[in-house]
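The listed protein sequences correspond, in order, to chains A and B. The first sequence maps to residues 1 to 357 in my numbering. The second sequence maps to residues 1001 to 1083 in my numbering.
Since the hints were made in silico from the structure, they are not lab data. There may be inaccurate statements among the hints.
Derived, one-sided and incomplete: chain B residues facing chain A with beta-carbon distance under 10 angstroms [stated by the list, open to error]:
#1 M1034
#2 T1037
#3 G1050
#4 T1054
Glycine included, each C-beta is placed from N, C-alpha and C at the ideal position.
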Amino acid sequence: MKRLLLALFCLLSFSVYANEPTPTQEEATDKEAFSPGEMILHHIGDAHEWHFATLGDENEHGTHFTIPLPVIAYRPSQGLSVFSSSQLAEGKTYQGLKLEHEHLVSEDGSKVYDFSITKNVASLILSAVLLLLVFTAVARGYAKRGSGAPKGIQSFFEPIIVFVRDEVAKKSIGPKYERYMPYLLTVFFFIWFNNLLGLLPGGANLTGNIAVTLTLAVLTLLITLFSSNKNYWHHIFATPGVPKPLLPIMIPVEIIGIFVKPFSLMVRLFANITAGHIVILSFISLIFIFRNIGVAPVTLAFGLFINMLELLVAILQAYIFTLLTAMYIGGAVEEHHDADYQIGGGDGPEQAHAHAH
Amino acid sequence: MSTPASSPSPRPGSDGNSGRLRAVARYSGIGAQMLATIGLSTWAGYWLDGHFHTKTPWFTLGLMLLGLFAALYNVIRSVTREP
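This is chain A alone, in the form it adopts within the complex (with noise of 0.2 angstroms):
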């Protein structure tokens, strides 16, 4: 079972890119047959409103089951409009602005600064109402019982909170790991709780946005440099162990570095919960494309399972960003950096050393 389990966690690690969407043909040739392509992507991007469900034709006259949301507008020209979404539904237009594929756009074609609380923003808010009101009770917990045995949510996340100081932040970043905590903590909360929202009925994808993980990552990097110490800068700029003529090239080499660690957080969780998300929608999709009530068990029985293995890959993830971003913290923060001599060492300058130490 671990064994599996191992063997789980090294595929899913890694990012999905076979499964990116693709536009299927009949998209673009039949009207009447249903797009998975098109379906899919309508389920993983954002929206100006948040839908349900539809019952009945979704072209004639079904019943739609859907939350406007606020449009939130500003047009050099005009200034600041904001109305409701339900107002732009169905391609209407509406003081000059319409939805083309989910872009707000200008009728006359000026340009639109586009504010709107969206499905994904409305459930960036939600979450972080949700964060705030459990963390909240975690902590009075703590207020009020001291270091004594914890009760009710409070024992739920203990655990876990002492799971990412210990293993975590104190193996990875060493003696200086107190000042991290807080975004540690706020980072794998934030992403796990996104995590299992978006795997909910009707839930945005949230953490499949690549918007969101390229901020959480652009935190992580400006969390790593202006930790940073003189070590750190000393190896980029000068590695030790590298003879003086390497040097133009070892610079970029190191500057690419910096760059590539928090692109990579981004891209994998981006690729891991959209990868998830459309694998459970292609076998629901399944059914329609065969019309064929025998393959309903078998894609249910697929799709719950991808389901269920969507509830590891969401504390995963979260593990796995809030690892990566403490070990690159780690290497910020690190005082000695003796390992490094065994590469690439001996044949360098003897002052190199000399000077490092």
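Chain B: place on chain A using the hints.
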């Protein structure tokens, strides 16, 4: 189904499951970083070639090789460093 917590063998200190999980996360991170390094530098070279309309794609070639070198260098450095 046996959960990791109920495994019969006594846990050797705090290192065990979490130590292994940590190692897997770490090395998969190194792998992803290698992929991202090569991918990003190749893309940057491709973009530069398109931008400057070069006849021979020197930027693609050069940056791809640099990315390859950087990826390998970073992998070697990461695995030789004590965790």
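Structure-based check of all given hints:
1. A cut of 10 angstroms between beta carbons decides the hint on B/M1034: the least distance to chain A is about 9 angstroms, and the hint holds.
2. Checking B/T1037 against chain A: minimum C-beta separation of about 5 angstroms stays under 10 angstroms; hint holds.
3. The interface hint given for B/G1050 is violated, since its Cβ lies 20 angstroms from the closest Cβ of chain A, which is over the 10 angstroms cut-off.
4. Violation of the interface hint for B/T1054 is found here, the shortest Cβ-Cβ separation to chain A being roughly 20 angstroms, above the 10 angstroms cut-off.
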